[in-house]
Amino acid sequence: MFVRNTWYVAAWADELADKPLARRVCDEAVVMFRDKSGKAAAIADRCCHRGTPLSLGEIVDGGLQCGYHGMVFDGMGKCVHIPGQEKIPQSASVPAYPLVERDHFLWIWMGEATNADPARIPDVSYHNDPRWPERHGRLAIAGSYLLMIDNLMDLTHVGYVHRRTVGGNPAQHVDARMTVAPTQDGLHFTRWMLNSPPPPTYVKAYGFKGGIDRWQDFEWLAPSNVRQWNGAKDAGTGAYEGNREGGFQFRVFHALTPETETSCNYFFATANGWAPHDDAALDLFFRESRETFVEDKEIVERQQARLSEFGEDWLVDIVSDATRIRMRRFLNQMLDNERRLAAE
Amino acid sequence: MFVRNTWYVAAWADELADKPLARRVCDEAVVMFRDKSGKAAAIADRCCHRGTPLSLGEIVDGGLQCGYHGMVFDGMGKCVHIPGQEKIPQSASVPAYPLVERDHFLWIWMGEATNADPARIPDVSYHNDPRWPERHGRLAIAGSYLLMIDNLMDLTHVGYVHRRTVGGNPAQHVDARMTVAPTQDGLHFTRWMLNSPPPPTYVKAYGFKGGIDRWQDFEWLAPSNVRQWNGAKDAGTGAYEGNREGGFQFRVFHALTPETETSCNYFFATANGWAPHDDAALDLFFRESRETFVEDKEIVERQQARLSEFGEDWLVDIVSDATRIRMRRFLNQMLDNERRLAAE
Amino acid sequence: MFVRNTWYVAAWADELADKPLARRVCDEAVVMFRDKSGKAAAIADRCCHRGTPLSLGEIVDGGLQCGYHGMVFDGMGKCVHIPGQEKIPQSASVPAYPLVERDHFLWIWMGEATNADPARIPDVSYHNDPRWPERHGRLAIAGSYLLMIDNLMDLTHVGYVHRRTVGGNPAQHVDARMTVAPTQDGLHFTRWMLNSPPPPTYVKAYGFKGGIDRWQDFEWLAPSNVRQWNGAKDAGTGAYEGNREGGFQFRVFHALTPETETSCNYFFATANGWAPHDDAALDLFFRESRETFVEDKEIVERQQARLSEFGEDWLVDIVSDATRIRMRRFLNQMLDNERRLAAE
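Chains as they are written, first to last, in the working numbering: chain S, 1 to 344; chain V, 1001 to 1344; chain X, 2001 to 2344.
Hints listed in this document are in silico derivations from the structure and should not be mistaken for laboratory results.
It should be emphasised that the depicted structure is a prediction, and the values quoted were computed from it without experimental measurement.
Treat each hint with caution, since some may be false.
[Stated by the list, open to error] Okay, the calculated bits of chain S under chain V, using three or more residues with CB under 8 Å as the criterion:
hint, segment
1, 88-96
2, 133-139
3, 143-150
4, 287-294
[Unchecked claim] Below are the BS3-like pairs computed for lysine-lysine, each with C-alpha atoms no more than 25 Å apart in a straight line:
hint, chain 1, residue 1, chain 2, residue 2
5, S, LYS19, S, LYS36
6, V, LYS1297, S, LYS19
7, S, LYS297, X, LYS2297
8, X, LYS2078, X, LYS2039
9, V, LYS1039, V, LYS1078
10, V, LYS1019, V, LYS1036
11, X, LYS2019, V, LYS1019
12, X, LYS2019, X, LYS2078
From the three backbone atoms N, C-alpha and C, an ideal C-beta is built for every residue, glycine too.
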């Protein structure tokens, strides 16, 4: 069961050049392509003639041409050419999905096309801000996007899963001062670890020598995106009191797009807010961040295997689940709303 | 659902030497072997004692010996030896399948053995004609044999799928002059492309320099074989008017034998009718032909994946499907006949 | 369907050091670990918090710590620590399985813990006897443990499956003099091959030059273990009459522990009773024995595939199945007893 009337990240804009790109979103086979003018579109990746994936074809004038018998489909999924045949049947079309290119992403809408309002696309406009240059990547995760969002909603895992990267002393993560608040689009929480030892990645990237005041600022944008703003300064230099200027700070955007019920694509971008002109610094930090997300992937994939086999009825909530549980409640409400609207 | 009362190609005769050969035909596990006299037989590939594949065993006097406890089965599937036991129970036998070696093939009959008339084996006797030396091969296809026959019944695909081999300008394939006629055993069609550019493979194999008159002559021998006779001559040298002598010509026999509902074995032979004494020419052309069939394989396997997931109800027929549809109707009639006979 | 109220070999004791070890037993996901004192325990390999395999975690004071959010479980499966939380809910626990370290094995009990009497563990105490030094290994078998026990109950397979190792002339195995008797724990049979040619492994290991008097002494310890004592002496030197002293002799312990309905772990140990101080002799013989068991694995895995596809109703028993059938009857009785007790 997926929320459908929402914008999902389907791809990085730079993944789509002059070849079609196949991707599964909410268990539908989608192909994206740019027409000759460069405009991106998304349609079902199966020719209505004989079912061949259109992603095996090529881009021609007028749209995407099936590589089997040469039918051409435009970005609305309408067949516009059948070789050797003048009349094109009304039924010759494939489903199309609204697709918007914005902030380095291609955003796709898997629900009712008439509801697809681009104003509801999550704001990642800092990707266009030269003060926040970004590097990005993608990981295929053999686990539900829900488990990946769970992961981001309970950061007590950082000390255990990421000890070699952004973790460190588990106790500091467990004891962080945390405030959570609902937002229109989901949840917002902030965590502070005052006068705490800097984790390995922070030392490598910024050169901290002593204790730091460190914050984690997370916005869950329901159902599947998280906008993160982290930072750290030398302990006692005023960050907690409100002066976050200077020091080490970065943003991460996490887009966890459902592929199937038990797999997702993890799109992530790391933005350098501490040394915007230092490409090498961003490269290093991006590599460390990616390694961090691979650590999450390994845990979540093994977790998924257990939950797929044993269900979830036997699981026991603990105190650190509080935000995760609020997230799941919000999301179940979204699903209920969709079901109710669909039934009307 | 497979047509059972028909002859399928089970193997190339030269695939079967002094070792048993396992192959799945119409979703049955079959083992073929030659007895000490060289006569080939086909029986179920599972010992009636403990289920072990007989293909793990070895050929002994009297038949095929199971490699587990030594029981021996003859070519009729009858157990003829049980180690340490004099009396052989009546029930000690495995299913046997009529098998005929002819024209370089081993033909198998998966239906009622009493109906297995070798006179109904498709005629590929030109394989024994020194004017048509052949090279042959096999490809495992992760797609239904029906999709492969479909492929051969709609040659408008040639311009798209085979542009690097026997294709070329798509329009010439779409606009070919085509005549189709039913036969007792299936369908026969001929296509002509007059004064057309020679495709890459024809240029490599024969050295055409200008436009050619090219023909494709296809006989579908229901349910699963296609006998093809293609050729080309310099444009305007009389081929279309009936003089096919000289020039470039070749025959291909395509046997698409069902393995499971969604896979098949593709046996193909290319026969050199333009330079029968030139082995190197045949080698080159065989390699190009095999490459052509790999191109088909890649399309069909991806098509199968889509049809397995989404069914076929949403597919839309186009004009070029006409022959394919006739083929499917003929085949459905065969299946209906079998069902009716089975119910009597 | 597995017998649960019995001791299975879960691992070799030396497989378990300072890391947790994951293994599937009777289709349950188990993790074994040694606490800081070295005592081994077995609990369910899925954290009761979010389902993550505990085998991804690490051993800490107090037990095994989940690698995701840091919960710690003791050897009884009880959660003894939740980071950041003082009160531990009663429900925070995972199933635990009695585990006993003995005779180089870790023995696990998958049934009612209250019935787990270590006195019922099969006696392999010769593993502690310097006159019987042993080498051991493990093979993952993609076949039911039942098929592997079947294999050991019908040694007429030895001449066919193991011709390159411990087999040789099939007839001698088929014609062996065999006596079988029930025991309290299963079945016991002895086979003699008098004045028979020594098989390749025996020649390599001991240097036999002429005919031998060879015996096979097998005890099936229901449901899943076999204790074997084999030997050979030069023909006519009195072994059959009762003097087994001297000559070539060895013991093998076979533990076939169910993993799933169609797979098992094969633990085997070969003990050198002919030259206890000769490590090289044991190494050679162990390698040959392992090769023998790989031969069984190859047969049984292919057999399993056929039985999984075609069922077993069509199978035909032969004379050499007699002991195998007794074994299966005994085992079905055990299963019936368990079912009856469970229903009470």
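Hint check results:
1. Check result for the segment 88-96 of chain S against chain V: holds, 3 residues qualifying (beta carbon to beta carbon below 8 Å, three or more required).
2. For the segment 133-139 of chain S, the assignment as covered by chain V is violated, since 0 residues bring a beta-carbon within under 8 Å of that chain's beta-carbons and 3 are needed.
3. Given as covered by chain V, the segment 143-150 of chain S fails the check, having 0 residues with a CB less than 8 Å from a CB of that chain where 3 are the minimum.
4. Evaluation of the coverage hint for the segment 287-294 of chain S: breached, as 0 residues show C-beta separations to chain V shorter than 8 Å, against a requirement of three.
5. Taken as a hint, the S:LYS19 and S:LYS36 pair is honoured in the structure, with Cα atoms around 11 Å apart against an allowance of 25 Å.
6. Taking the CA atoms of V:LYS1297 and S:LYS19, the gap is near 21 Å; set against the 25 Å cutoff, the hint holds.
7. This hinted pair does not check out: S:LYS297 and X:LYS2297 have alpha carbons roughly 34 Å apart, beyond 25 Å.
8. The hinted pair formed by X:LYS2078 and X:LYS2039 meets the criterion: a straight-line CA distance of about 16 Å does not exceed 25 Å.
9. Under the criterion of a C-alpha separation no larger than 25 Å, the hint pairing V:LYS1039 with V:LYS1078 is consistent with the structure, at around 16 Å.
10. As the CA atoms of V:LYS1019 and V:LYS1036 are separated by approximately 11 Å, the hinted pair is consistent with the 25 Å bound.
11. Between X:LYS2019 and V:LYS1019 the CA atoms are separated by roughly 47 Å; this puts the pair beyond 25 Å, and the hint is violated.
12. Between X:LYS2019 and X:LYS2078, the direct Cα distance comes to roughly 19 Å. Compliance with the 25 Å bound is thereby established for this hinted pair.
Comparing the model with each numbered hint stated earlier shows that hints 2, 3, 4, 7 and 11 do not hold.
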